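Here is how the chains run, residue by residue.
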Amino acid sequence: MAPAGPRSGDAIFASVERVNAELFTLTYGAIVRQLLTDLEEVDEVNKQLDQMGYNIGIRLVDEFLAKSNVSRCVDFKETAEVIAKVGFKMFLGVGASVTNWDAEGTCCSIVLEDNPLVDFVELPDTCQGLYYCNVLSGVIRGALEMVSMKTEVTWLRDVLRGDDVFELQVKLIKQVPEEYPYKDDE
Amino acid sequence: MIGASKIKQYSNVLEKPLSKGKQEVSLSAFAFLFSELVQYNQTQVDNIAELERRYGVILLLQTMFLGPWAAGSEIVHNQLCRLEDAGYAVGARCLELLCHREKGNRRETRLLGILSFVHSTVWKVLFGKVADSLEKGTEHEDEYMISEKELLVNRFISIPKDMGTFNCGAFVAGIVRGVLDSAGFPAVVTAHFVPMEGQQRPRTTILIKFAEEVLRREARLG
Numbered sequence: 001m002a003p004a005g006p007r008s009g010d011a012i013f014a015s016v017e018r019v020n021a022e023l024f025t026l027t028y029g030a031i032v033r034q035l036l037t038d039l040e041e042v043d044e045v046n047k048q049l050d051q052m053g054y055n056i057g058i059r060l061v062d063e064f065l066a067k068s069n070v071s072r073c074v075d076f077k078e079t080a081e082v083i084a085k086v087g088f089k090m091f092l093g094v095g096a097s098v099t100n101w102d103a104e105g106t107c108c109s110i111v112l113e114d115n116p117l118v119d120f121v122e123l124p125d126t127c128q129g130l131y132y133c134n135v136l137s138g139v140i141r142g143a144l145e146m147v148s149m150k151t152e153v154t155w156l157r158d159v160l161r162g163d164d165v166f167e168l169q170v171k172l173i174k175q176v177p178e179e180y181p182y183k184d185d186e
Numbered sequence: 001m002i003g004a005s006k007i008k009q010y011s012n013v014l015e016k017p018l019s020k021g022k023q024e025v026s027l028s029a030f031a032f033l034f035s036e037l038v039q040y041n042q043t044q045v046d047n048i049a050e051l052e053r054r055y056g057v058i059l060l061l062q063t064m065f066l067g068p069w070a071a072g073s074e075i076v077h078n079q080l081c082r083l084e085d086a087g088y089a090v091g092a093r094c095l096e097l098l099c100h101r102e103k104g105n106r107r108e109t110r111l112l113g114i115l116s117f118v119h120s121t122v123w124k125v126l127f128g129k130v131a132d133s134l135e136k137g138t139e140h141e142d143e144y145m146i147s148e149k150e151l152l153v154n155r156f157i158s159i160p161k162d163m164g165t166f167n168c169g170a171f172v173a174g175i176v177r178g179v180l181d182s183a184g185f186p187a188v189v190t191a192h193f194v195p196m197e198g199q200q201r202p203r204t205t206i207l208i209k210f211a212e213e214v215l216r217r218e219a220r221l222g
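So the protein lines, in turn, are chains C and Y. Counting in full-length UniProt numbering, the first sequence runs without a single skipped number right up to 186 at its last residue. Counting in full-length UniProt numbering, the second sequence runs without a single skipped number right up to 222 at its last residue.
Just chain C, same shape as in the assembly (with noise of 0.2 Å):
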């Protein structure tokens, strides 16, 4: 019997447990609140919430992988697609989508029609460099990272310092090949 083909975003957020976003929300707040009362520094909390998302991110490509059925991707367009349509909807119920590449197909911009991370927040003056949603860019580098791929995730706009959409640049440094730990031989 062949394998069941790769299953669309909607249909598999339709399919997984669902909490209520604003918890997920709030719970996000609390902990940008906790590392702003820790380290006090911007950069430094920027680091550390991509830090975390990194984290997340060499965790949940696993059950990505296991539950949209995706096949290897061609190439890095296709990555970015799947990145887009299926992974944010399957996790965080928003759409996005991919635009801006360049001439050589390594480098991308991925726009998010919705966050449901910064429902209700507001940078105050005092951290206007804060990358507020820096987890995010984390778990996508974990992500690919896990799957063979360098890449390095910046934003480029982001609503809460003014401008009107999310857009996060993913841009492919190597493809690492697969390490074995044995030799075949052996």
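Don't read these hints as lab results, they were simulated from the structure. Check the hints yourself; a few may be wrong.
[To be verified] Beyond 12 Å from chain C on every Cβ pair, some chain Y residues (computed):
1. G21
2. Q44
3. L97
4. S133
5. K136
6. M145
7. V188
8. E212
[Stated by the list, open to error] List time: in silico DMTMM-like cross-link candidates among lysine to aspartate or glutamate, alpha-carbon distance up to 20 Å:
9. Y/K20 with C/D158
10. C/K174 with C/E81
11. C/K47 with C/E17
12. Y/K16 with C/E152
13. C/K85 with C/D62
14. C/K174 with C/E104
15. Y/K16 with C/D114
16. Y/K22 with C/E113
17. Y/K209 with Y/D85
18. Y/K16 with C/E122
19. Y/K124 with C/E17
20. Y/K16 with C/D164
21. Y/K22 with C/E17
22. Y/K22 with C/D119
Model, not experiment: these values are computed from the prediction. Where is the CB? At the ideal position from N, CA and C, for every residue including glycine.
Could you slot chain Y onto chain C? The hints should help.
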């Protein structure tokens, strides 16, 4: 560009309309986020304990007089405080949001009223179901208990033996304390595991102990 844009831009977060609260995220997204919160607190508390160790005296005295487990329980206690504080902030905001959205800007002023608000409305909105039970403590007048067979936040968490009494339900205890405190019912709220016969995982009980002034006020109101 000619034509109205799809999304109206709000300059101020207070001008945005309040959502209906129907949006959802996947349980695993929340579980991952919560696990990062707990892990972060563990590293922070290790740092505090490390600081204490450098100035060794206090910890040494504690250990000498109270036994070696005391030092460990100090660390656990610190972690619980931090988790509870995180929950407190969530609870305070929940009260405002839910009073406005679900209750038409009315806030409960009676003890039983606020308890049933927590037990049904808050639980329903945050966890998707009302809490399993609400009981009054038999030994003390000021104690009430909300029980849950399996707290949502504890579903994917197992506590290693050396952490002893640590319960991530402290986050939920913090939420309840936040709601009660902001509503004018100061209380001490803790989370406990209660082992049940015939069940593998213990039940979780949120123990609420109200402050003296709350009971005096209740008695006055009749």
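Okay, the hints, checked on the actual structure:
no.	hint	in the structure
1	G21	6 Å, violated
2	Q44	6 Å, violated
3	L97	7 Å, violated
4	S133	21 Å, holds
5	K136	27 Å, holds
6	M145	22 Å, holds
7	V188	20 Å, holds
8	E212	29 Å, holds
9	Y/K20 with C/D158	24 Å, violated
10	C/K174 with C/E81	18 Å, holds
11	C/K47 with C/E17	30 Å, violated
12	Y/K16 with C/E152	33 Å, violated
13	C/K85 with C/D62	17 Å, holds
14	C/K174 with C/E104	13 Å, holds
15	Y/K16 with C/D114	14 Å, holds
16	Y/K22 with C/E113	17 Å, holds
17	Y/K209 with Y/D85	17 Å, holds
18	Y/K16 with C/E122	11 Å, holds
19	Y/K124 with C/E17	15 Å, holds
20	Y/K16 with C/D164	14 Å, holds
21	Y/K22 with C/E17	14 Å, holds
22	Y/K22 with C/D119	13 Å, holds
Of the numbered hints listed earlier, those contradicted by the structure are 1, 2, 3, 9, 11 and 12.
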